[in-house]
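Here the structure of chain A is known, so what remains is to put chain B in place on it, guided by the hints.
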Amino acid sequence: MPRLTSLWNLANPTRFLGLADRLLPWLAALAAVLLAVGLYLSFFVAPPDYQQGETVRIMFVHVPAAWLGLFMYVMMSASALGTLVWRHPLADVAQKAAAPIGAAFTFVCLVTGSLWGKPMWGTWWVWDARLTSVLVLFLMYLGIIALWRAVDDPARAARAVAVLTLVGVVNIPIIKFSVDWWSTLHQPAAVFRIDGPTIHPSMLWPLLVMAVAFTVLAIALHLAGMRNEILRRRVRSLRLMEAEQLDAGVEPAAGAAR
Amino acid sequence: MNDPHTGFIVASYALTTLVVGGLVLRAVFDHRALRRAIAQLEARGVRRRSARREEAR
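If you read the sequences in order, they're chains A and B.
Residues in the first sequence are numbered from 1 upward in steps of one, following full-length UniProt numbering.
Residues in the second sequence are numbered from 1 upward in steps of one, following full-length UniProt numbering.
For the record, the hints were derived by calculation from the structure and aren't laboratory data.
Quick caveat: nothing in here was measured; it's all calculated off a predicted structure.
Warning: the hint list may mix true and false statements.
[Unchecked claim] Below, a sample of chain A positions facing chain B; criterion: calculated Cβ distance under 10 Å:
#1 25
#2 46
#3 58
#4 60
#5 115
#6 215
#7 218
#8 221
#9 231
#10 238
#11 242
[Said to hold, decoys possible] Covered, in the sense of this in silico footprint (three residues per stretch, anywhere, with C-beta under 8 Å from a C-beta of chain A), are these stretches of chain B:
#12 11–17
#13 29–41
Think of the CB as a built atom: it goes at the ideal place given N, C-alpha and C, for glycine as much as any other residue.
Next up, chain A with everything else stripped away, as it sits in the complex (with noise of 0.2 Å):
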């Protein structure tokens, strides 16, 4: 089975970070060429809507931002099953670099659909069943992020946060469908619809092009995380065995870390 072979080979610490050398030129040049794309598209095609006039452009930031809180949370959960199931390191680097990509989009999400809601709700916020759960999503992040630095051995702490991510993992659908559940202030899903999206294309396709955009780039952003998560632990390993020969009184030269 060549293909699950060399799966297994791209698992190895050293091997992925070749590969992430290699890929992360390439991605970060094809998520520049996609959000200037994607911000022509959103400033200068798209045009004012109907009812909410140049306010809507709030919209290209906003959605992706939403998509990719949830997308990273998605992320994470997949990478938690890795940590608990096969105890992989990979996997417990995967979580730890995905969560402060996940926090800061849904701050953008819920900052940016504040700063939308001011205008056209006439508030700032409510508390209301779509609202409340991404503020819950958010909070969770933070959580995630304390736990990590709480715990000091790495694989004791990837458990751990490994465990309150597949909790949280229960927010994902709520937040979804919060919107068809529930009486409230935040608009039913308008993209991933059953029926077909109810946006005009001249509003969808501007912002599909900036989602996939903050798609490439979180995805570069999450392999950079990974990358330097790697070298983070071999610093710390070869601080402990620098620590270890001179508590034991020999010249570090002699030594070896993992």
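Just chain B, lined up with the frame of chain A:
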């Protein structure tokens, strides 16, 4: 863009730029600092076992 809500639109894009820019800069500076730390440790003679095995080959 002549709209009474321009300030809200500008604030939304400015915040997004700030946060995304922050994520990018954090990744870049973190990477540089970690590479520097590894280089300093290796200069002091501390090596990973796998790196030593590769050198021995």
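Tested hints:
1. 25: Since chain B brings no Cβ nearer than about 12 Å to residue 25 (chain A), farther than 10 Å, the hint is violated.
2. 46: With Cβ-Cβ at 12 Å, over 10 Å, it is violated.
3. 58: 5 Å, holds
4. 60: 9 Å, holds
5. 115: 5 Å, holds
6. 215: At 13 Å from the nearest chain B Cβ, residue 215 (chain A) fails the 10 Å test, so the hint is violated.
7. 218: Result: holds, 9 Å to nearest chain B Cβ.
8. 221: 5 Å, holds
9. 231: Status holds, d = 4 Å.
10. 238: Holds, because the Cβ-Cβ distance from residue 238 (chain A) to chain B comes to roughly 4 Å (cut-off 10 Å).
11. 242: At 5 Å from the nearest chain B Cβ, residue 242 (chain A) passes the 10 Å test, so the hint holds.
12. 11–17: Satisfied; 5 residues make the cut.
13. 29–41: The restraint on the region 29–41 of chain B holds, since 7 of its residues have a Cβ under 8 Å from chain A and three suffice.
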